[in-house]
Amino acid sequence: MDLSFSPEELAFRDEVRAWIKSALPPHLAAKAEMDAEFTHAEVMSWHKILAGKGWAAPHWPKEVGGTGWDASRRFLFSEELELAGTPRLSPFGLAMVGPLMIQFGNDAQKKRYLPKILSGEEVWCQGYSEPNAGSDLASLALRAEDKGDHFILNGQKTWTTYAQYADWIFVLARTNAEAKKKQEGISFILCEMKSPGVTAKPFLTTGGTPAFCETWFENVRVPKENLVGELNQGWTYAKALLGHERTLVAGIGISARALLRAKRIARDTLAGGRPLLDDPVIRTRIATLEVRLDALRMANYRALAGAKLGHAPGPESSILKLRGTEIQQGCMDLLMFLMGDNSLSWFNEPGVVPPREQWVAPGFNYLRAATIYAGSNEIQKNIIAKMILGLP
Amino acid sequence: MNFDLTEDQTLLVDTVREFVKKESPVERMRKLRSSELGWDKAVWKKMGELGWLGVMFPESVGGAGMTFVEAGLIVQELGTTLVPEPIIPLFVAGSAIAEAGSAEQQARFLAPSVAGDQSLAFAFLEEQSRHDPHSVRTHAHPAGAGYRLRGKKRWVLSGHAADAIVVSARSSGDEASADGLSLFVVDRSLPGVSVQPVATMDGQKAALLELADVEVGADRLLGGVGKAGPLLSALMDLGAAATVCEASGILQTVLWMTRNYLMERKQFNVAIGSFQALQHRTVDMFVETELAKSVAMLAMIKAQDPDAGERRRAISAAKASIIESGAFVTRQGIQLHGGIGVTDEHDVGLYFKRMHILATLFGDDAFHLARYASLPSFSANV
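Residue numbers (this note's numbering), protein chains in the order written: chain A, 1307 to 1698; chain B, 57 to 438.
Simulated from the structure, these hints should not be mistaken for laboratory data.
Quick reminder that beta carbons are idealized off the backbone N, C-alpha and C, glycines included.
Only true hints are included.
Covered stretches of chain B (chain A as the covering partner; in silico rule of three or more C-beta atoms under 8 Å from a C-beta of chain A):
#, segment
1, 316 to 329
2, 337 to 347
3, 350 to 357
4, 370 to 377
5, 429 to 435
Produce the complete structure using the sequences and hints provided.
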C-alpha cells in the first residue's frame, strides 16, 4: 500500500500551482483571495486562459484537445484549481455535452462543436429537468416532433443553469410517446438558444444571484443533424455520462479551501480579546469537520488508484458525491458559525464585514443546491441501496 | 499511489478470512467470554504457527519482518468475528520490546509470544491519565543494580493472562512530563505484583495492576532510563491504529448483517428492506463503512511513519473519524434489528460493545480531535 503521489506527480502539481499563480489575472486573484463569486464574464475569461494553455478539458482525449493526463494528474490539477479559489468553469460543455459527443456523436458534430466548447467561444447549458420531471427525469415531457428534415420542440425545461448566457442547450426530448418504457422514447438533441421560440428567464436564487433559469420552447425548429447518436437512445447516453469523472465529484479541494478560509476567519476574529482560533473548543469544532474530509480524501484516493489501475469503479466511488456535498455544506455552516453576528450581513458595502466574510452568506445559501443537483442525494441513496446493497 | 494488496498480503488476508469463517465464528467468542481466560491458548499457539503474531516483528525473534500494514490487515479481519485472542496488546507491547529492547531482551521477552507460547500486555493507563501516555505516577527508583517499581495501572488489556507486562514508570519529571519515563518488562509472577482481573463490557478481560515495590533487574529496562517518552507516543499511535483496523472489520460485518436482516425480516407482508426510510439509513451505514475502510488504510500506512507529526495527524484523523462512523453504524445496526438487536442472543450487540471499547482505547474522539487541532499541520498556511 502506497499513499504517496510519485515524484513526477508531485512535480506536476508544483508546475500547475506555479502556473496558476502566474496566469490568474490580478483582479481575479483578488476575488479568489476573498472567495467572492465570479461573474459569468470572469469565468469565461479564465476559461480562455486555461484553453490557451491547453488545460481547459484535461479529461478529453488528446486528439480532440485534451491533455492525456491520467486520473491522478487530473485529480491533482482539479484540486490545485480548487485550492487556489479560481473561477470554476461551467461543466455543461466541457464535462457533459463534450464527452457525450466524443463518445456518441458523429464526426461532423465533433468537428463543428468540440473546438468551440474547448475554446469557450460557445457556452452551453443543460436541458434535463422539467417542472414535472425532477428526480423522475424519465417522465420528461418536452416534445420533439419529427418533421422530416427537422424536429419541432415544444415544452419547458427548468433549473437550466446559465441558460441566460448560453449559446447552445442540449436537451433530453420525447421523440416517441408510444414507447413501452418511458426511458425508450427519449432523444438527445442540440438546440441553439437564439432559435426563434426559445425563451430563458433566470430565477433569483436564495444565494442572491441568478444562477439557473426556466427555459421555454415554443415551436422551435431544430435541424435533424442536431440529433446526437440514434433516435430514442438519449436516455442511454445520458446514463453513460453519469459515471464520467466520478473521481472528481467529491470536491476535496473546495472543502480544503473552505477549511483554510474558516481558520483564517477564526484567526482574524477576536473573542474576549483573543483570536477565536486560539480557543480549543473552536479548534476542535473545525477539526471535527477536517478529519471527516481526511477520511473522504482517503476514499477518493482509493477510487483514484483503482481508476489508474483500470479497475471498475469500486463501492467507495459511489460515496464521493454524497459525502463530498455534505461536507461542502458543513464547511459553509462552520464559516457562518465562526462569523458570529457578522453572519447577519447580506450584500452590504465593502467594509461592513471583513472582505473574507463578504461572500460567505451567499455561498451558505447557494450551496444548499449541492445536495440537490446532479442527482439529489436521496436519488444517489436509492441507487446505492439497489445497485450495491441489493435491497429490493 | 496504490492500495491493491501484494500477493503476500492477499494470501495473508485470505488465510485469516478462512480461519475466521471456519474456526472462529462469533459463537467461539460467545463461549469463551464466560471462561476464566476469555480466549484460547491453543488458538493462540496456532496463530503463532501461522506467523500472525510475529508478522510485524523481526525474523530474529521468529517474526516475519513485515510492517504494521500486514498487522493491521490481520486485525481488521479478526474484527469481523470478534476474535478474542489478545493480538493488539501483543502488537503494542511487542513493539516496545522490538523498538527499545536489546537483542537479548527481544529473544527473551518477545520471541516466546511470537511463537504463541506466551502472551504480553501493555500497562500504561493510570487513574489520572485520561488517554495521555505521558501522564504517569508509577515510580521507578534505582535500587541496587536495578529498579524498584511502585504504582498502579488500570485497564491492562489481557493483563490477567499475560506472562509479562510492559509497564511505563517515571524516574523523574512531574506528572505529565514526557521526560523521565521508562519502560520495564515485568513478570506477572514477581513478588509485589498483584493482578486483579476485571471484566470489560465486550466480554473480554483486563487487569488492574498494582506494583508494590517490585524489584526488577536492569535487564528489565527497555532502552535508556527516562527516555521512553517518544516511544510511548509512538506506541499509543500504534495501538490507536490497531483499534481503527479492528473497528473497520467490525463495521463491515454490522453493515452486511443488518442488510441481510432487512432482506429476511417481513412486516406488512414485505421485506422491511423495501422501505425507503430503512434503505437510506442502510446507505448511510454503507457510507460510514466505506469511510472506515478508507481510514483503516490510512492508519495502516501511517502507523509507523518516522515523521511523528504526520503520524499523529493521520492516526488522530483516522481514530476520530472511525469513532463517529462506528458509533453510527453499530447504533443503527441495533436500531434496524429492532427488539432482537437489544438481546444478548443476537450478535449485533456484541459488535456494539466491542466498538465502544475500541473507540475508548488509545484515545477517544475528544482526545484525538484536540491533539489533531494542536499539531502544526492544523495551522499550516493559515
